[in-house]
Amino acid sequence: MAAAAMAQKVLVPCSSSSSCGKVQFSPSRVHTQAIAFGGELSQSSSRKNKSLALKAVAGETSAPVTAKSGHEILLFDALREGLEEEMARDPTVCVMGEDVGHYGGSYKVTKGLAEKFGDLRVLDTPICENSFTGMGIGAAMTGLRTVVEGMNMGFLLLAYNQISNNAGMLHYTSGGQFKIPVVIRGPGGVGKQLGAEHSQRLESYFQSVPGLQMVACSTPYNAKGLMKAAIRSDNPVILYEHVLLYNLKERIPDEEYVLCLEEAELVRPGKDITILTYSRMRHFVLQAAKTLVERGYDPEIIDIRSLKPFDLFTIGNSIKKTHKVLIVEECMRTGGIGASLRAAIVDNFWDFLDGRPECLSSQDVPTPYAATLEDATVVQPAQIIVKVEQMLQGLI
Amino acid sequence: MAASSLASRAVASLSPSISTGASRDDAGSSSVVGFHKRSSAFTGRRVRISSGHGSSAAHGRRSCVVAATAAPVKESPPKIADIELVTREEGLELYEDMILGRCFEDMCAQMYYRSKMFGFVHLYNGQEAVSTGFVKALKKDDYICSTYRDHVHALSKGVPARQVMSELFGKATGCCRGQGGSMHMFSKEHRLLGGFAFIGEGIPVATGAAFNTKYSREVLKDLSVDAVTLAFFGDGTCNNGQFFECLNMAALWKLPIVYVVENNLWAIGMDHFRATSVPEIWKKGEAFGMPGVHVDGMDVLKVREVAKEAIARARRGDGPTLVECETYRYRGHSLADPDELRKPEQKNKYAVRDPIAAFKKYLLENGLASEADLKAIEKKIDEIVEDAVEFADASPLPPRSQLLENVFADPRGFGIGPDGKYRCEDPAFTAGTAEV
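Note that the protein sequences, when read in sequence, are chains D and Y. In terms of our numbering, the numbers along the first sequence are unbroken and rise by one, the last being 718. In terms of our numbering, the numbers along the second sequence are unbroken and rise by one, the last being 565.
In case anyone wonders, no lab produced these hints; they're calculated from the structure. Since we're looking at a predicted model, the values are computed, not measured. Accuracy of the hints is not assured; some may be wrong.
[Claimed, not checked] Computed list of lysine-lysine pairs in BS3-like fashion (alpha-carbon distance at most 30 Å, straight line):
| no. | chain 1 | residue 1 | chain 2 | residue 2 |
| --- | --- | --- | --- | --- |
| 1 | Y | K490 | D | K430 |
| 2 | D | K438 | Y | K350 |
| 3 | Y | K490 | Y | K265 |
Could you build all of it, start to finish, from the sequences and the hints given here?
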């Protein structure tokens, strides 16, 4: 593999400035995953879809990405591309939500789609989350594939009745008669002084609902792939987007690709420590990693992507290698993804751990408006660096 | 608003109409196609179906308040020649369906007290006219959506009594494999979308099914799809947000749906008049731009008339209708409800209006059936219900291995295990013996 192909990613997280981040697409990441785990991915029959996705990735050869292959795109547009492709491919795919149609979506994820597919396929709903989510569920039960957008994920709390009782349960309580192929998505997470209610971290709220799958996107590449996978899934899927990541730029393949909903993504191979993260924190971890690498550490960074269920294979293989785990999440400390992940790691990989699995989570506080307090609410790169050093120096 | 504009909308849409009390005047009835000639031979009272929302004010026919009368107005029985409401076949079908509903629910009470069924069981006794009147006016492809009081809706729609009883017994042969229970009856084959325990949460689901019909016709261009959806729910639900939100959306997009309110005046122990600022639920249709109709829900023929009109209206694309059926449940809210708050006077008032007794009388008096015919039906139903109990009793309980089978339509949703395989591929997992 050419050294150039292993080049570090150039990344400026959105949060640090008003300019958007740039992620240089590295095909070597995909290669590494296949090689490090003995190529099992292509062997497992249940992973046929995955190998299809691998083949579709641009630059699968060792040649580095050139300016000619793939196209640069911002994350919100990658989501839109994925959605548009699925809508073109399958006429039963439709979108409903507030301002998704004529307005093009509050974060422009549905921009242009109403003009292309019509007002019924990209339905502007009145402001009634519980009811239009339920309507999306009823439509899905009877044959459509609905994508329900919460203008901000926090608004989906109003739809909790429908998400828990109907999206999660109806396949079960109907004895398997009805399937609910809905995708429930929207921008969430802590933004830039948007205030407590627009800055909610909802991963833990829906986590326990049986019958739901949850994925979080973090780059244009995985955003598009996960959007497509979520739409094609017959399960109800919650797709977590982050309000500050929509302007991330990356070069993604021109060919069609669909990612696996249940798989984690190896972002950076390493041998010293396993860092598990998702969504915006992935970028903070990468930023911290630059410093850590300069100081001689070699972290393995995994974007878990699938918040429910966890990809215990990718995670386990990493822990078996490094024996140390740090989870970095934006979710609250209490009952969050990190809490569940630590339990799963202890249950499954106890014998491989040198120390307790550590977790950096956001504070159990309603996101304050003031900038200093808001910064203190979420995990910052500096904290990640300190924690990793402590762990690798045996101080904790 | 001229009658011609109504005619151009294929007319005969619905407006607030009163079934109890004196018959209303016929001003503007020229906009109605033939309907004003019909009457319910049963009580001689008219059900007036006339011009729709907004325009009724222009015609000066503001309907007045519903008042439940002490006893139905009795007029001399009309001549057989006047009767055009049901044929003998239809009449027997309706009778059989109501008898099935009543007999089945009575058997449920027995079985519950014999510890064959458990939990919360909500019986439908007294409300049979609504289910029969509406559901028997549907086509097979039409959808219905119910609440926890769903046994009889399921039976009317065609779900076999055996499957419903098995479900209630919690057996693997139940319509939902024993996983739903009394409050969650579903049938894909018979287009029953549930069975919901929380009030109001089924209304959006029904609205979604209606949306699907519109989508199928307008986006997928499949004009063979013309399914209408009925959403059944009670008076308590009409104070819930999802009710109002869905009325708004359905009217906005002219969805092919009928919202059927089974107003039995009680939400467990909460009297409708203590809970509702404007108790006339039918009036709320107009606030959302759809016809709101009130009908005597103890009279299966009246319900059926209104049902046919509302369903036809939906099917031709004119949009939703809100129908309030005045009805009553003879038993408590559920088998666990001591039913101490309802006064005997009220119960008696509705007991004499038993829809089955009344329809039986109608059939006999109008020569549509003989005593022997009706006895034969009752016997047949008895046998069906007995058979359902025997079948349910003999059916197996669900095995442990069934526990996780229907959590996900795509079982890859359980994720990838440490060994790299999907957990659903692990035989221990699917046998229900693996640790989750």
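**OP:** Give me the numbers of the hints this structure contradicts, sorted from smallest to largest.
**Re:** Hint check: 1 fails alone, others pass.
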